[in-house]
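Asker: Given chain A, put chain B in place with the hints provided.
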Amino acid sequence: MKSKNMINVCCLFFLAIFGFIAFFPIYMAVLNSFKTQGEMFTSVLALPNEWTLQNYVDTIQRMDIFRNIWNTVIVTLVGQTGIVICASLAGWRLSRTSGKLSSFIFILFLSSMLIPFNAIMVTLAQVASTLNLADSLIGLGLIYTGLGTSMALFLYHGFVKTVPRELEESARIDGCGEFQIFFKIVFPLLKPITATILILNSLWIWNDFLLPMIMLSNVNNQTLILAINRFFGEFTTDWPRVLSGLIMTSIPVVIFYVLFQKNIVAGIAEGAIK
Amino acid sequence: MSYSEKKRSLKNLKYLLLFTFPALAFYFVFLFIPITSAIYYSFTDWSPVRPDYSFVGLNNYIEIFTRDRHFTNALRLTMRFTIFIFVLQNIIALGLALLVETRTKSKSFFRTIFFLPNMFSLIISSLMFRFIYTRVFVEVSELPFLGFFDQSWLGDPQVAFWSILIVSLWNGAGYMMIIYMAALQSVPASITEAAKIDGANGFRRLTKITLPMIMHAITICSFLTLIRGFQIFDVVFRLTGGGPGRATQVVALNIFEEAFQQPLRYGYANAKAMIFFAVILLITLIQTGVMKKMEIES
Chain A
0 MKSKNMINVC
10 CLFFLAIFGF
20 IAFFPIYMAV
30 LNSFKTQGEM
40 FTSVLALPNE
50 WTLQNYVDTI
60 QRMDIFRNIW
70 NTVIVTLVGQ
80 TGIVICASLA
90 GWRLSRTSGK
100 LSSFIFILFL
110 SSMLIPFNAI
120 MVTLAQVAST
130 LNLADSLIGL
140 GLIYTGLGTS
150 MALFLYHGFV
160 KTVPRELEES
170 ARIDGCGEFQ
180 IFFKIVFPLL
190 KPITATILIL
200 NSLWIWNDFL
210 LPMIMLSNVN
220 NQTLILAINR
230 FFGEFTTDWP
240 RVLSGLIMTS
250 IPVVIFYVLF
260 QKNIVAGIAE
270 GAIK
Chain B
0 MSYSEKKRSL
10 KNLKYLLLFT
20 FPALAFYFVF
30 LFIPITSAIY
40 YSFTDWSPVR
50 PDYSFVGLNN
60 YIEIFTRDRH
70 FTNALRLTMR
80 FTIFIFVLQN
90 IIALGLALLV
100 ETRTKSKSFF
110 RTIFFLPNMF
120 SLIISSLMFR
130 FIYTRVFVEV
140 SELPFLGFFD
150 QSWLGDPQVA
160 FWSILIVSLW
170 NGAGYMMIIY
180 MAALQSVPAS
190 ITEAAKIDGA
200 NGFRRLTKIT
210 LPMIMHAITI
220 CSFLTLIRGF
230 QIFDVVFRLT
240 GGGPGRATQV
250 VALNIFEEAF
260 QQPLRYGYAN
270 AKAMIFFAVI
280 LLITLIQTGV
290 MKKMEIES
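Quick note, the sequences are listed as chains A and B, same order.
Counting in numbering that gives the first Met the number 0, the first sequence runs from 0 upward without gaps.
Counting in numbering that gives the first Met the number 0, the second sequence runs from 0 upward without gaps.
Isolated chain A (complex conformation) (with noise of 0.2 Å):
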């Protein structure tokens, strides 16, 4: 009984620990935006004497926050309609349809999941400014359907196998078009990995940093990481004004988390296994 005591404290040791790494630079950031310049040279590790709020009004007047979290949103917006739009469709017609074509366009689609985003970047962006969609917020969430469609895809096909046939084909027989089919009664079955999708996707996107710095040049058009990182190229000394900044940028997504922790965690679960 001793030992398996002597386990636990052990255990607890050790996450109380790794906790402590995971979290102490979240709450340096935290500590610090709250500070005035003076008193972060003083101290770091300390708290304030003063608790401010500059840094956050300057930082919002500075910086078009608001903006740039609209800007945000418009792109995946676009991308995530246009991802699961494209992926449902041919994943549900694909994982009903056997023959060596359907496996072929399966095919096509799941290798295209080991290109790295690195090896066609220069070539996209030579695409996308022969189509006019750089510097666009709808171009580059339209890229976001192209880059994001294969794995989604994979996903509903799997998805698509668990559920059942009868109700399509009774449906067909009552003379339901195919497009009838797949809107009325298909896709509301198919809501658990739509939103799956949804989540794992808003993450990427949401956070993704080298395909907006290579599509958006205009200040207007900047998504929030963007801004961030120029932010940061403005005050790169002055670091409560620019924690401030960092710590307003991951609002939007630590609320995310908040409400949405279990289907994250399972959906990367789920998504790995598959």
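Careful: at least some of the hints might be erroneous.
Listed next, the in silico DSSO-like pairs over lysine-lysine satisfying Cα-Cα at most 30 Å (straight line) [stated by the list, open to error]: (1) K160(A) x K183(A); (2) K99(A) x K13(B); (3) K261(A) x K106(B).
These are computed hints drawn from the structure, not numbers from a lab.
Answerer: Relative to the frame of chain A, chain B by itself:
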């Protein structure tokens, strides 16, 4: 085939093409064209500053491997980083998952804490750590017994490698932990209980029962850490910018600079991109081959 059967299969074909059309169209424009034209241009001296380009055969590739020390250094550094992140990320994530799974009431609390860093984008994580490395650690090193925190975290090439690694681990370990936790929960408790009664100690239970039973999760996490490790960009870009000098320049950053900085040698940058692609493919093939074999054996 009867007439009606023929008609039906034709109808099926029609709907297959109709339903896959949107996905295929996006695929064609944003994946097929970029990758095929990247292969094509990698054999040319294409540059947007000149109206024409010509074929140069394998010259780009030859130049990369014979004269471009920056690229070969970046390749070596990225491989080293990939190996480190692959080993450390998996050990830490699996360790965390095992630790968290020993808890009953506080399980979800610790899971929340360990996964939280993954919610912060890599750019934000890197900026937070820039603050930690340049300001906080200076003060920490003045505390008793903590003098070793006094390092040039971003300025010394050897240390900067570890600084980048730490940020990547901090951000990514929670994600892998989630996958490992899901796998651990699917190991039936009755088996480990039985082994316990048979007198197997904790370490033996781990290596003989638990690990073989979560082999599929190990495969997936290995794949993810290798692929993501090799593609590292954001952390280096924002933490060290590839510096000091080019000491921490990774392959993705090298390609990025080649492509979007003067003299804009697109053809040459594409050749680099194709080498990058080839390495990723190679890692994937070897990794899945080895792991599949291990999964069958266990």
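Asker: Among the hints numbered above, which are violated by the structure, and what are their numbers in rising order?
Answerer: none
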